[in-house]
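Model the full structure from these sequences, guided by the hints.
Chains V and B are the protein sequences, given in the same order.
Note that my numbering gives residue 92 to position 80 of the first sequence, counting from 1, and the numbers run on in steps of one.
Note that my numbering gives residue 259 to position 247 of the second sequence, counting from 1, and the numbers run on in steps of one.
The set of hints was computed from the structure by calculation and includes no laboratory data.
On a predicted model such as this, the values are computed, not experimentally measured, just so you know.
Copies of the same chain look alike in the list, so a pair counts if it works inside one copy or between any two.
Under the rule of at most 27 angstroms between Cα atoms (straight-line distance), these lysine-lysine pairs were calculated in the BS3-like manner:
1. K216 with K147
2. K216 with K139
3. K135 with K79
4. K289 with K325
5. K302 with K265
Single-letter residue listing:
2 protein chains.
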Amino acid sequence: MKNVRVKQEVKVFAPATVANVICGYDILGFALDRPGDEVIMRLKDEPGVEIVNIEGDDGLLPRRAEKNTVSASVQNYLKQIGQPDLGIEIELFKQMPIGSGLGSSAASTVAGLFAINQLLGEKLTRKELLPLALKGEELACGYPHADNVAPSLLGGFTLVRSYEPLDVIHLPVPPDLHCAVVFPHVDVPTRDARDMIRKNVPLKGAVKQWGNIAGLVSGLFMNDYDLISRSMEDVLIEPTRAILIPEFYEMRKIAMEVGALSFGISGSGPSVFSFTKSAELAAEVAEAIKYQLNQNEIECNTYISSVNTEGPKVL
Amino acid sequence: MKNVRVKQEVKVFAPATVANVICGYDILGFALDRPGDEVIMRLKDEPGVEIVNIEGDDGLLPRRAEKNTVSASVQNYLKQIGQPDLGIEIELFKQMPIGSGLGSSAASTVAGLFAINQLLGEKLTRKELLPLALKGEELACGYPHADNVAPSLLGGFTLVRSYEPLDVIHLPVPPDLHCAVVFPHVDVPTRDARDMIRKNVPLKGAVKQWGNIAGLVSGLFMNDYDLISRSMEDVLIEPTRAILIPEFYEMRKIAMEVGALSFGISGSGPSVFSFTKSAELAAEVAEAIKYQLNQNEIECNTYISSVNTEGPKVL
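Below is the structure:
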């Protein structure tokens, strides 16, 4: 409780995120500078949480307070702090694609929770908001995964070591690390992408995977970009998911030729991302991938970003 | 090639090692201060590598140069440096139990390679000795695993991120970390312990495992003993291997009650080890485990050690 002054209105931003990060399936994620979602939240006299406006979702998101992850998360927050009857009005500005594999629902959920916490004078710490954000993810995706909400809420790289109990560790961000994100306009619903994954994996592949995640974490601590690059390989999940993403292997070839440190799927896709050692190189990688997609008549959005260490912020 | 002065005789020590380190199956290991093996090596006039003396092995180890991992590794070394006909005489002093799960063959192999390299003026770096040490492990264990030879040769914690190409990363050693090792006098041949392990594992368990290895690596970099402790859990391999180790779960209970950070199997067992935050606590843990084993009429050796950051050394 850093500040108990209650505001009348706040406007906040919460970042998109890249989950899995190639070799960290279900445990690793990081936040982007852009894109992200914005929420305006204000107190109202009548009790109850209400969504009064959503822009940029093409009508896809539920408007009913109990069904929408932003308002439902605010309701859960109010219950937790013992003020369930407070009157709250919400406007959500989706400034990122839905179903892109960039943590769209996580960004909305985090924006909502960060906004209500700001509005009411930071009654909870960011770490205390995390379980509420997980509930929001469960509502939106059917599965309370933390690898998007944790980095969106806390910024930087987050490692979800364990769910029971929830144990989230902040990893360092090498200073030169930049990211190119490309969202091809094709449909890959998260649930389908999850369902395709096998329940059992070969031990040999799993050993390779935990060698790689250990290498990636070491590389982040050591600012060792070569080690980061060598470690970013996924032999277990990617081969299955890549099938759903047109031009996946061609995009990889192009990204690595241009000089990316890595190339892989963001979350469950269809977005893909590369790490690079500069913003300029990230822009070149994104351009080269975009050209390849356009040649194959696939539209896309591209985003250039550093790793966002700040998380959500008041605008 | 730091020093081209050839010596007539050297005496060296190479340390025992703990492989797997609970959540790092097949990728992680660390070196102990004790026990370890000693090798005396000298030049002789007649060509050929010869074992002239082995002590402490109860006659278990092969005496023929091509079959013994020490002499065979020396032969490979001589071939590699282009002096296959050099005359070398070897004495091996096994000062640690064979088949204990403490990297007995790795310590001998590393002692042999370190000795010949010292004898001939350090013609190769330690990292260049590593592939030769892997060949030695293949001869001794039927499987060229690096998780014992890497830490024995390089000291500290070593992460074998990949075998092809071989990629070994040195991890930092938190200053207060100490280790209690207990070797119960029961037989668990490495090959059997390997064969028991399933070829496929549940993805859910694998995700837990790579969350834990990422947590452990983070804990080593951050000197975060609580995180190290929380991360040292193995849901995949240990349940199978623990069956072969009498009193395993009772020993764990006792070690954790005394105040250990962790308890688990060293390599494929039957040795077990605990991390602690002091040498005194490590001694208490070892004593408590020994008492439990003795109560059940099982003899054991105990070793108290810090994490050995030096690796092999000239005596």
